[in-house]
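Colleague: Sequence:
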Amino acid sequence: MLEITHLRHIGLITPNLEEQIEFYRDVWGLDVVSQDDNHVYFRGSSPEHHILHLQRGEKRGLHHIAFGMVDKIAVDKAAIYLEEKGVEIIQQPGYLDEVGGGYGLRFVDYENRCFELSTWVDIHTEPWQRKVDSNPLYLNHIVLNTTDIQRSTDFFTEVLGFMVSDWSEDQMVFLRCDKNHHEISFNRADHASVNHIAYEVEGVDEVMRGIGNVRKKGYKEIWGPGRHGPGNNIFCYFQDPGGFVMEYTCYVDVIEDKKTWRAQVWKRVPHLSDRWGIAGPPTPETRAKMAGEPDPGWALMNAK
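Okay, so the sequence shown: first residue is 1 according to the UniProt record's numbering, each after it adds one.
Be a bit skeptical, because a hint or two may be false.
[Stated by the list, open to error] Quick list of in silico lysine to aspartate or glutamate cross-link-like pairs, EDC-like style, CA-CA up to 20 Å: (1) K267 with D253; (2) K220 with E285; (3) K131 with D205; (4) K77 with E88; (5) K220 with D205; (6) K258 with D178; (7) K289 with D190; (8) K217 with E18; (9) K59 with D31; (10) K258 with E158; (11) K289 with D274; (12) K258 with E3; (13) K220 with E22; (14) K289 with E19; (15) K217 with E3; (16) K72 with D97; (17) K217 with E19; (18) K85 with D154; (19) K85 with E158; (20) K72 with E84.
No lab work stands behind these hints, which were simulated from the structure alone.
Work out the full structure: start from the sequences and follow the hints.
Modeller: So this is what it looks like as structure tokens:
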């Protein structure tokens, strides 16, 4: 079984890099740790070196998602295990030539999504300097749209060792690698793409201050605030200038004892989509934003 510890960061491709930098720095509250003409890396207030990597490209899409591992031995074992399972490794284990360093590998799944497993990545020890009225700590979870939710679930549970925390009927599945209710979730869709990216904040006051700050900067929430059924988390969703949907979230369920937890199948009804009854279910416009554009994946975009 793979020794995956946590969700590290997400890498996104965007055609309007400068506008995205301004948004995540001045509106969303992240801090730039490294930048050049085609790449920018952002950190939150946690020690994780970076939680968001934006890369300039012709069309928006997912570049990769990174998960942590315990040590170099775990990465090397993962490479052997993945190859035995027939998984395509596109970057063999080695020292990573990227900001933050570390040791890791990269592979792609059946929908050409690229994933990184890494360890020994630099961490921040200096104090965090709050930039705006919100205080994003780290990535809590990522939701991906998939054309085959059962195949994606099987891959993450049977190959990568994740556990199913809950289902939202047969539309969504929530998967975890540690105590957090879900680090990754899959949503049934007509094409593969990023659905949304959730940033953890310290509590409900931070969520509400974040909403106020985003409004002051001329943007508006697209869903929320509210409280979900699966995961029990407080949420509010927004769309960035590049078209990606992201979320401020807090109080996600923590599963202390995996032996006693039993996954539920939640009904897709309005009062479980938002248990507070304030936001209600997402509108068709919000669902369209979360659907995004068909994403050919890392392998196809980099085959040119």
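Colleague: Taking each numbered hint in turn, which are not upheld by the structure, reported in ascending numerical order?
Modeller: Failing hints, ascending: 9, 15.
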